[in-house]
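Novice: Fit chain to chain and form the complex, with the hints in mind.
Protein sequence lines correspond, in order, to chains A and B. When you line the first sequence up against our numbering, it's residues 1 to 144, in that order. When you line the second sequence up against our numbering, it's residues 1001 to 1148, in that order.
If you are wondering where the hints come from, they were derived from the structure by calculation, not from laboratory data. It is possible that some hints are incorrect.
Short, incomplete list of chain B residues facing chain A, as computed with Cβ under 10 angstroms [claimed, not checked]:
#1 1020
#2 1021
#3 1054
#4 1067
#5 1072
#6 1077
#7 1122
#8 1123
What the simulated footprint calls covered on chain A by chain B, stretch by stretch (three residues with Cβ under 8 angstroms from a Cβ of chain B suffice, anywhere in the stretch; the number is not a length) [claimed, not checked]:
#9 27-37
#10 63-69
All values reported here derive from a predicted model rather than from experimental measurement. We treat Cβ as the ideally placed atom computed from N, Cα and C, and that holds for glycine.
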Amino acid sequence: MLMIKIASAQLWVHDQEAAMKYWTEKVGMEVREDVSMPELQFRWLTVGPPGQDDISIVLMAVPGEPVMDEATKKQVLDLTAKGFAGTVFLQTDDCQKSYEAMKSRGVEFTEEPHQMPYGIDCGFRDPSGNSVRLTQLAESWPNT
Amino acid sequence: MSQVPPARYLMRARDLVDSRYAEPITVDDLAAAAGLSRAHFSRMFTRTFGESPRAYLQTRRLERAAALLRHTDRSVADICVMVGLQSVGSFTTSFARVYGLPPAAYRASLPPASMYARVPSCILQRDTRPPADTRVKTAYGEKTRSQG
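So that you can see chain B by itself, here it is in the shape it has in the complex (with noise of 0.2 angstroms):
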């Protein structure tokens, strides 16, 4: 029987990160999950993956930070806590540093996530639709609606 490869351990470290990057996940954490040693682990995921657990973590945690600001209208502060930073100082350095602008500067030059909501037509349409007492009624004596 065929061992199983060591990047099958590291891939376990690898996508702790990537479920739980919202959390204070330590490299200890990591090393844990991968069931090595820290300076082994570290040493091993730099290897295979080319970048060292802890620049991992926090380029998932940029990548989401970059979505959120994207698609959603939540604050720069908010963000920095949903992807599972702490200080809006450096969140903001970091991001400025990978994605050439702070990240206000960053969702201003995209369109609004506005753009991506996509509103049913039935929300779209109940500000022109007339109240409810003045529509049509049908030969019953019903109602006419449309449902959402």
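Extracted from the complex, chain A is given alone in its bound form (with noise of 0.2 angstroms):
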């Protein structure tokens, strides 16, 4: 049987340039592919964080016309702000420590790092509104 596997997912961002700079300087992402086509007014722009190079996320700039209507653009970027748009689960091995260093680094979190069925968990948003889980899970936990 053929194997499918996530290569990318992606987020919408209402200003890629503040989306990089937080995905790299305060999450700790790296940029994996960065490339401008102006004659199609595109940017692709990729971070993953260091050490699982097969997986990363797409910080994709909301298109306007033609593409997409101003009212739909509108209704992305509200529902983006509002964290309603998708969430981001990373994993982490400390929790507690990727949490102070995030935050030191300015990340905002929305819920501090506290016990649940599963592990430790915490949460923030990025600067667009994304919601992001940042967990460690309990070792008996299966990690499937």
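Specialist: Written out as structure tokens, the structure reads:
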């Protein structure tokens, strides 16, 4: 059977430059691809966690006309700002330590590390409003 | 209970290099991460991984720089800073020693980064799509529209 793997998942961002700075400098990811195509008014920008080379997050600008009409674009930006456009689930070996390191770099957490049945969990939002969970799975929890 | 092998402590230092290469980390920082004195750490690291901590950090930075030269259109100076190096001159020399070409020539020898950009078809199509007010209208007067 052919294997299908997740290569990238996309987040809408209101400003690609601000998003890139945030995800690299504050969250600690690295830039994977960054190509501007002025003729298409398009910039392909991806980031990923150092050491996990085969998966990345696409930081995608919300396109305007004619791909997306202005009303829809506003709706997408509004939904993203409210945190309802999707969530990224990150995993760490040490939630408290990652929380402290990221907080010292200016990440604004919406939830501090707390115990959950599946491990220790906290949450933050990126500048566009995307919701991000950061979890340290309990040793007994199946990591599948 | 068996003891944790020393390599486990050394891996903490290597993990630190792998994740924080862009920051101005020092051998002292790495020794602290491994919980060893600087001299003992450097000796143990070299014996275990076959290269010194400083060499490993430099290799990691150059490897990332090569990836950024292949997959971005950022300038060489930008990439130098992005991987944690200070001097473009030293970066160029070190890069050429390892990859056989200076950074700009290395990039020029490969397909352009735009080849790798996965531009969605809805973006590609927008150049040829007619303006909204010229599109066919449905029986209900609504403009047809496809989402990208």
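Novice: Now, for every hint given, state plainly whether the structure supports it.
Specialist: Taking the hints in turn, this is what the structure says about them:
At its closest, the beta carbon of residue 1020 of chain B sits 8 angstroms from a beta carbon of chain A; the interface hint therefore holds under the 10 angstroms criterion. Hint status for residue 1021 of chain B: holds, given a least beta-carbon distance of 7 angstroms to chain A, under 10 angstroms. Contact between residue 1054 of chain B and chain A, as hinted, is not supported at the beta carbon level, the nearest pair being about 19 angstroms apart and thus beyond 10 angstroms. For residue 1067 of chain B, the shortest C-beta to C-beta distance to chain A is roughly 8 angstroms, which falls under 10 angstroms, so the interface hint holds.
Interface restraint check for residue 1072 of chain B: the shortest CB-CB distance to chain A comes to about 4 angstroms, inside 10 angstroms, so the restraint holds. At its closest, the beta carbon of residue 1077 of chain B sits 15 angstroms from a beta carbon of chain A; the interface hint therefore is violated under the 10 angstroms criterion. Among the interface hints, the one on residue 1122 of chain B holds; its C-beta lies about 5 angstroms from the nearest C-beta in chain A, closer than the 10 angstroms criterion. The restraint placing residue 1123 of chain B at the interface with chain A holds, with a minimum CB-CB distance near 5 angstroms, inside the 10 angstroms limit.
Residue count for the stretch 27-37 of chain A with a Cβ under 8 angstroms from a Cβ of chain B: 9. That meets the three needed, and the coverage hint holds. For the stretch 63-69 of chain A, the proposed coverage by chain B is satisfied: 6 residues have a C-beta within less than 8 angstroms of a C-beta in that chain, meeting the threshold of three.
Comparing the model with each earlier hint shows violations of hints 3 and 6; every other hint is respected.
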